Structure formats: structure tokens, C-alpha cells
Amino acid sequence: MKLLHAITALLLLSATAFTARAEETVRPVTSTYTLEAGSAHLHDTYLTPLGYDGMTTAFTYQRAQAMKFNPRHWVMQLRLSVGMDHAENPARNATMWGTGLTAGWNMTRRWRLPHDITVAAGGGTALNLGALYLTRNQNNPVSAKCSWTLDATGYISWNTRLLNIPVTLRYQPTLPLTGIFFSQEYDELYYEIYLGNRRNLVHPAWAGNYFAMDNAVSADLKFGSTWLRVGYHNTLLSTKVSAITTRMISHSFVIGISGEWLSLRRGAIPPQSSTIISAY
Amino acid sequence: MKKLIAIALLTLVAATIPACHKIEEFDNDPKGNFMALWSILDTHYCFFSEKNVDWNAIGEKYYRRVYPDMTQRELFEVCGDMLDELRDGHTNLSSGFDVSYYRKWWSDYPQNFNLRIIQENYFNFNYMSASGLTYGILEQNIGYIRYASFAQPIGEGNLDNVLSYLASCNGLIIDIRDNGGGDLTNVEKLVARFITRRTLMGYISHKNGPGHDDFSEPYEYYVEPAQQGRVMWGKPVVVLTNRSTFSAANNFVSVMQYIPGVKIAGARTGGGSGMPFNSELPNGWGIRFSGSPVLDAKGLSTENGIAPSPGCEVDMDPADEARGIDTILEFAIKELQK
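From first to last, the protein sequence lines stand for chains A and D.
In short: position in the first sequence from 1, add 71, done, that's our numbering.
In short: position in the second sequence from 1, add 299, done, that's our numbering.
By construction, these hints were calculated from the structure, which means they are not laboratory data.
Be a bit skeptical, because a hint or two may be false.
Ranges of calculated distance between the beta carbons of each label pair, as one might list FRET restraints [stated by the list, open to error]:
1) D:323 - A:206: 20 to 28 Å
2) D:397 - A:264: 28 to 36 Å
3) A:206 - D:359: 32 to 40 Å
4) D:397 - A:206: 16 to 24 Å
5) A:280 - D:353: 31 to 39 Å
6) D:524 - A:326: 31 to 39 Å
7) D:519 - A:134: 44 to 52 Å
8) D:612 - A:269: 38 to 46 Å
9) D:397 - A:170: 32 to 40 Å
10) A:264 - D:469: 40 to 48 Å
If the Cβ cut is set under 8 Å, some of the chain D residues that face chain A in the computed set are [said to hold, decoys possible]:
11) 322
12) 327
13) 343
14) 578
This one's a predicted model, so the numbers in the text were calculated from it and none came from an experiment.
Where a beta carbon is used, it is the ideal one built from N, C-alpha and C, also for glycine.
Make a model of the complete structure from these sequences and hints.
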């Protein structure tokens with residue numbers, strides 16, 4: 072809680088100090104729509120002692136914008152993603168499905184370095200809702216995966232040229248630090264939860280029982296106003312609570328489009344002296 | 300720049316190492332599959348203490364029969380024999396060629412049921428069916444409902460129709476002999492027609508850790524009477540049971556036995572009070588076993604079956620059966636005529 076208060080105070084202070092400057096700037100929104108496809112490894116000991124391997128797909132929308140209070144140094148990102156996994160057991164006679172919905176927001180402080188390199192660090196929060204479904208199980212077919220986390224994040228990006236095309240190369244890791252997550256008890260049936268037993272279902276997350284990491288590597292190839300994004304996305308979730316261990320790993324190829332958009336009120340043309348400050 | 304890229308790549312590689320929380324893995328060979336099965340039961344099965352089973356000794360005994368070159372069928376037989384030691388009708392090993400099944404919980408007892416006798420001699424094949432219920436009125440003006448499986452869904456409208464039709468009867472017989480269970484929500488739906496207030500159905504518990512005696516506090520659960528406007532039953536009821544009354548049907552008996560005006564007649568039920576859990580072995584075989592014990596409203600286990608009400612224990616007389624008479628049904632009719 073103290074950390075939250077400190078962050079809030081810091082933001083308010085920054086906002087006050089830079090309000091005047093913000094009025095002279097234009098902050099375009101960088102929107103990105105991507106599709107992902109790749110490999111998935113699903114393992115949940117509530118459902119089965121075996122790991123399942125298969126494929127993952129996802130659709131993601133990301134929105135990034137420099138912050139109003141200090142656009143040169145602070146950037147926010149919003150990320151909404153929906154995904155689905157399909158995997159089989161080693162004997163290939165059983166199927167597990169995974170679904171997930173993620174909504175995340177973060178804010179990072181960035182530093183411009185020489186050679187068009189930017190590094191940033193900050194924090195955020197994310198809500199994850201999903202489930203694993205093992206079709207061969209009768210009374211224990213589902214393991215819900217829900218969490219709310221406070222995350223550390225950052226990125227490093229490099230604006231360069233590739234075959235004379237402007238390119239932004241970027242790597243962004245995100246690491247949940249704490250939060251809360253759902254887990255039924257060891258052999259607790261969801262039928263018992265349905266009957267009303269809600270004891271011990273929500274658990275505080277810490278590094279010992281909840282480890283997750285998200286790694287995104289991307290290259291934005293800037294063909295005019297629309298950019299082509301290609302990249303690699305890796306997610307890792309490993310939890311252990313109530314003697315149930317879960318491990319979910321994905322490696323995906325990413326492709327999508329991206330671009331910067333300026334939202335203006337009718338007739339409100341920004342003065343020529345305005346400074347455009349991109350989120351990238 | 301190179302340093303930054305190196306740091307980024309190292310972070311990425313570190314993140315993909317899947318060694319965060321250890322998960323025990325077993326080889327896909329006869330010994331690995333046997334150990335996986337033994338271990339799954341060891342950490343999840345819920346009746347070791349209640350049945351006084353020494354699982355370590357059993358594991359050692361059957362492990363000696365496992366050798367590297369054995370066929371899948373040979374391994375299946377060893378595993379099936381080991382599971383039989385649990386004496387549990389809810390414990391099955393499923394392969395592509397067979398399902399192991401402990402049958403002695405009913406095969407060592409008289410069957411006490413002959414459907415053809417009822418259909419032919421009591422209804423002259425003139426009975427009705429609605430959803431999973433077969434019903435009619437016996438000549439003594441007693442209603443008869445047969446529910447063959449709790450896996451067959453019952454609609455509220457079906458129940459209204461059946462109970463309305465039987466409303467003029469002096470009593471009701473619910474025959475769940477040979478009912479091997481099904482869905483507990485169907486139990487709630489049926490019980491809801493025989494109660495007038497919120498009623499304690501029993502307690503459910505679950506393993507909360509891998510130890511043989513790691514259990515959660517039993518959680519009491521209730522059933523509400525059917526919604527207002529639904530047809531209810533308040534006259535005397537006799538529930539007919541045999542050893543093949545199992546699982547959800549056993550659960551139905553565990554609730555009905557405490558409802559005023561209800562008697563249980565016939566033979567001890569087959570039990571099966573552990574809610575089944577599923578798991579699997581590296582070779583793809585499925586395993587089902589009792590994972591969550593359900594207790595009755597007095598907190599008593601019904602895994603070994605439920606005895607009929609005092610004075611209502613009746614077996615089918617073979618001489619009666621030969622003459623086309625259902626001894627247990629006749630007993631129930633007399634009880635309701637008292």
C-alpha cells in the first residue's frame with residue numbers, strides 16, 4: 072500500500088510540474104493489432120500428472136501513448152488479449168483446451184539514449200481470466216486460472232533502418248511481483264464450490280507460489296503511416312498452491328499492423344509549433 | 300549497444316527455463332506406468348484409512364509382478380489386480396482394450412431385482428415413462444416410480460406430471476434397485492419433492508493435501524424444497540434398494556432415510572460415497588478413483604452401503620421369483636397398506 076501511495080504522489084508531482092509544457096504537445100496513440108500462433112505446453116496437476124503439448128493462438132490489441140503530465144518521459148500502455156490453446160497428452164489420446172483473457176495496463180519512465188535507443192522501466196497491473204479444460208475428466212475437468220497482479224515492466228527499443236526501411240526493434244519483459252490468484256484446493260471439486268464452499272480459494276501471489284513472465288520481441292517495419300509488426304512472444308506461468316502445480320508456457324510468432332493515430336476535435340488543428348511526442 | 304542486446308537475450312533465455320516448480324514425472328514403460336498409477340492413488344485416493352488399506356504393502360506386492368518386457372495386457376492385469384485391493388466400485392483403469400472393474404461389491408450378493416417380473420406381473424406391460432422415470436399405479440392404489448439411473452435427467456415438468464398422476468394414491472414406492480448412480484443434481488431435484496423445508500443433505504469433504512489423512516473440514520450442504528407451484532408428495536414413501544443401488548443412488552437413499560414418512564426397504568445399498576476423480580498414466584490409460592468423501596446428514600460414511608430401515612431388510616425369495624412375485628415390492632406394498 073505504501074508503494075501505491077508513493078507512486079500516486081510521484082505522478083501528481085510530475086503532473087503539476089509539466090502541465091504547462093504538455094499543453095504545447097501532441098500525443099499520438101500507437102495502436103497495434105496482432106495475431107499470434109505458436110507452441111503451447113500445459114501442465115496442471117489438478118487435472119493430470121502429465122504435461123500436454125500443442126498449439127496456441129491469440130489476438131491482441133495494444134495501445135500506447137505518452138502521458139499528458141510528462142509526455143517526454145512517461146508512457147502508458149494498455150493491452151487486451153484473448154487466446155486459446157489446444158494440446159494433447161504424450162500418448163495423444165486426450166485433449167486439453169486452454170482459454171484466456173488478459174487486460175493489462177502499465178506506465179513506464181523512459182530514457183532516451185544515444186544511437187536512437189530508448190530504455191524504460193515502470194509498473195502496471197493485469198487481470199487474467201481463463202481456464203484449462205481436460206475433456207477426458209468427468210468430475211474434475213476444469214481448472215480455472217484467474218489472477219490480478221501488480222507487475223514490473225520495462226523495455227528497450229532501437230530505432231534503426233533495415234534495407235533502408237525505418238524499423239523499431241523492441242524487447243519488453245513483464246514480471247508480476249505480487250497480487251492475488253484463484254485456486255481450488257488439492258482435490259476439491261467445483262461441485263463443492265457450487266454447493267457453496269468458498270473457503271481458501273483466493274491466494275496472495277508471491278515469487279514462491281506464483282511466477283509468471285511475459286517476453287515480447289518485436290520489429291515494427293514502418294511502411295509509411297502503417298507499420299508491419301513481426302515478432303516473438305513468450306509467456307510463462309508457474310504456480311504452486313494447495314499442492315497443485317501449474318505450468319503453462321507458450322512460444323509464438325507474432326504478426327500484425329500498427330500505426331500512430333491522432334484524435335482531434337472538429338476544427339481543432341494543432342498549432343504548427345506543437346511538438347509531436349510519440350509513445351515509441 | 301551489444302551489452303544491452305546481450306542482457307536482453309540472457310533475460311529472455313532465463314525466462315524460458317521451465318524449472319520454476321518441480322513436477323514429478325514418470326517414464327512411459329511398465330515400471331513407470333505402474334509407479335504413476337500407484338503414486339496417483341497414494342496421493343489422491345480418499346478411503347485408505349476408512350478401509351484400512353496398507354497401500355505401501357500393496358504397492359510392493361504388485362511391483363514384483365512388473366517387468367520391462369511385459370505386454371500392455373499383462374501390465375493392465377497387474378494394475379487391475381492392485382486396484383481391486385481397494386474394494387471400490389468407483390475405481391477403474393481404462394485402456395483401449397479393457398476397463399478394470401471391482402465387481403465383488405455387488406456380485407457377492409443376491410441381485411434382489413427382476414425388472415421383467417414388475418413389467419409383466421404387476422403392470423401387464425401397461426406403464427408410462429417420462430424422462431428417466433417409469434411409473435404406474437399398482438392395483439392396491441399405490442403409486443410406483445422406477446428410476447433406473449440418476450444419469451438420466453429429470454425435468455421439473457416431468458416430475459409434476461408423474462406426481463400429479465399418482466396424487467390419488469395412498470402411498471408411493473420409489474424403486475431404485477440396480478440404479479448405479481449418475482448426477483447428484485438429479486438427486487437434489489427428486490428429494491426436493493418430498494421435503495417442506497430446507498433440509499441438510501449431508502457433508503462433503505475433499506483431500507486438501509497428498510497425505511492419506513489430509514482432508515478438509517466437512518462442508519454441510521442443503522437442498523431446498525421444490526419451487527412454489529410444483530407438485531409435492533407428502534404421503535408415505537418406501538424406497539426399494541438392493542446391493543446395486545450405488546453412487547448417486549446411494550446418496551439419494553442417504554438423504555431419504557432421514558425424511559419423516561419415508562422407509563428404505565430391500566437390501567443394503569452398494570455404497571460408492573466417494574465422488575470420483577480422474578487422472579491418467581503416461582501410456583494414456585485413464586484412471587478413475589474415489590477422491591472426495593460424501594457423508595450423510597449425521598456425518599456418517601455411507602461408503603459401505605446403507606442398511607434398510609429397521610424391520611425392512613428383505614431379500615427376494617427365489618421361490619417367489621420363480622412364481623413371478625417380487626418379494627421386496629410385496630413387502631413395500633404391505634408397509635404402505637398398514
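Against the structure, the hints:
In this structure the hint that residue 323 of chain D and residue 206 of chain A lie 20 to 28 Å apart at CB holds, the actual value being about 24 Å. A hinted range of 28 to 36 Å holds for the C-beta pair residue 397 of chain D and residue 264 of chain A, which are about 34 Å apart. Residue 206 of chain A and residue 359 of chain D have their C-beta atoms about 35 Å apart, which keeps the hinted 32 to 40 Å range intact. For residue 397 of chain D paired with residue 206 of chain A, a C-beta distance near 21 Å keeps the hint of 16 to 24 Å intact.
The given range of 31 to 39 Å is respected by residue 280 of chain A and residue 353 of chain D, whose C-beta atoms sit roughly 34 Å from each other. A hinted range of 31 to 39 Å for the beta carbons of residue 524 of chain D and residue 326 of chain A is inconsistent with their spacing of about 58 Å. For the pair residue 519 of chain D and residue 134 of chain A, the beta carbons lie near 49 Å from each other, so the given range of 44 to 52 Å is met. A hinted range of 38 to 46 Å holds for the C-beta pair residue 612 of chain D and residue 269 of chain A, which are about 41 Å apart.
The hinted range of 32 to 40 Å is satisfied by residue 397 of chain D and residue 170 of chain A, whose Cβ atoms lie roughly 34 Å apart. Here the CB-CB span from residue 264 of chain A to residue 469 of chain D is close to 42 Å, well matched to the stated 40 to 48 Å. Hint status for residue 322 of chain D: holds, given a least beta-carbon distance of 5 Å to chain A, under 8 Å. Interface restraint check for residue 327 of chain D: the shortest CB-CB distance to chain A comes to about 7 Å, inside 8 Å, so the restraint holds.
The criterion of a C-beta within 8 Å of any C-beta in chain A is met by residue 343 of chain D, whose closest approach is roughly 6 Å, and the hint holds. About 6 Å separates the beta-carbon of residue 578 of chain D from the nearest beta-carbon of chain A, less than 8 Å, and the hint is met.
Violated hint: 6 only; the structure is consistent with all others.
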